[in-house]
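Visitor: For chain P, the structure is supplied; the task is to place chain C on it using the hints.
The lines below spell out each chain.
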Amino acid sequence: MGIARNIARLIPNGSGLLPNANIEALAASKLTGQVPDANAPSGSVIQVVSATKTDVFSLASLTFTDVTGLVLSITPISASSKILVMASVSIGSSGDFAYTRLTKNSNPINVGDAASNRPRVAGSVVYTASNGAYNCETIQMTHLDSPATTSTLTYAAQIRSGSSPFTIYVNRTDADRDTAHYEPRLASSITLMEIAA
Amino acid sequence: MNHKAIYALYPQVVIVDDGEGAFDKDGNKVEIDLELVNAWVDPDTYKHQRAAEYPSFADQFDTLYHGGYDAWKAQIDAIKSKYPKP
Chain P
1 MGIARNIARL IPNGSGLLPN ANIEALAASK LTGQVPDANA PSGSVIQVVS
51 ATKTDVFSLA SLTFTDVTGL VLSITPISAS SKILVMASVS IGSSGDFAYT
101 RLTKNSNPIN VGDAASNRPR VAGSVVYTAS NGAYNCETIQ MTHLDSPATT
151 STLTYAAQIR SGSSPFTIYV NRTDADRDTA HYEPRLASSI TLMEIAA
Chain C
198 MNHKAIYALY PQVVIVDDGE GAFDKDGNKV EIDLELVNAW VDPDTYKHQR
248 AAEYPSFADQ FDTLYHGGYD AWKAQIDAIK SKYPKP
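Protein chains in written order, with the working numbering: chain P, 1 to 197; chain C, 198 to 283.
Chain P with its partners taken away, still in its complex shape (with noise of 0.2 Å):
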């Protein structure tokens, strides 16, 4: 009965659960399992998606262009969530140059400002004459977004030409020769990281 009386006390009105103000101290090794990812401390990541590029696209417009396999999609948890968005994207070009950015459900969101007709980037390879065919450049790309939302996000990386009518291509150079040492194939990326607010 007394064991009975004692419980009854701590957890009242046959709730089942332990209401805060009866708890005079916890030590932290009896916490075990998992916090749920709405309730994870500030700055935890929470969630992450990646996508990974390793064949070879290619582009001949002034059009920022999705990339195909760097584009990627993410519901947040939280609305109060930020989105760190990183991509890796390597661009080999024709002629003049090429540029690169990311966008959010196709809107552009780390790009420079407006300044009359010049383009608005986040990224610029530029072909030289003297080994631009040869070359490829991977242009880094770091993003923290606060989407305000639980609805589904798709980022992705985009790519456009500089000039026509300049081919520019992801993962490989513009020659493109068959040689042991020289213009390798290479790889991109696309990581989306939820952090809790």
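Quick caveat, the hints were computed from the structure, so don't treat them as lab data.
Being a predicted model, the structure only gives us computed values, none of them experimental.
Some hints could be false.
[Said to hold, decoys possible] Residues from chain C that keep clear of chain P, each with C-beta distances beyond 12 Å, as calculated:
| no. | residue |
| --- | --- |
| 1 | E232 |
| 2 | F258 |
| 3 | G265 |
| 4 | A271 |
| 5 | A275 |
| 6 | S278 |
[Unchecked claim] Dumping the calculated DSS-like pairs for lysine-lysine here, alpha-carbon to alpha-carbon at most 27 Å:
| no. | chain 1 | residue 1 | chain 2 | residue 2 |
| --- | --- | --- | --- | --- |
| 7 | P | K104 | C | K244 |
| 8 | P | K104 | C | K222 |
| 9 | C | K244 | C | K226 |
Glycine residues also receive a C-beta, built at the ideal position from the N, C-alpha and C atoms.
Guide: Relative to chain P, chain C alone:
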């Protein structure tokens, strides 16, 4: 997949992806004749072959200094002749 051949043979193509194929500016898939693509000869091949064999600028200047213009020209001519322009 030979991207350069596809762009040369199918002018409407603006996107080529090894895994997904070729597409026009409206996102429509363009059917590719792989036999045609594989038979295509890159007209720029000679440029890349020459570029791979030209001496470095430093070596070319060295040849100019020690051997003069004729020696330098002979060196370059040999490479151009080895890989003639089509």
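Visitor: Return the numbers of the hints above that this structure violates; sort them in rising order.
Guide: Hint check: 7, 9 fail, others pass.
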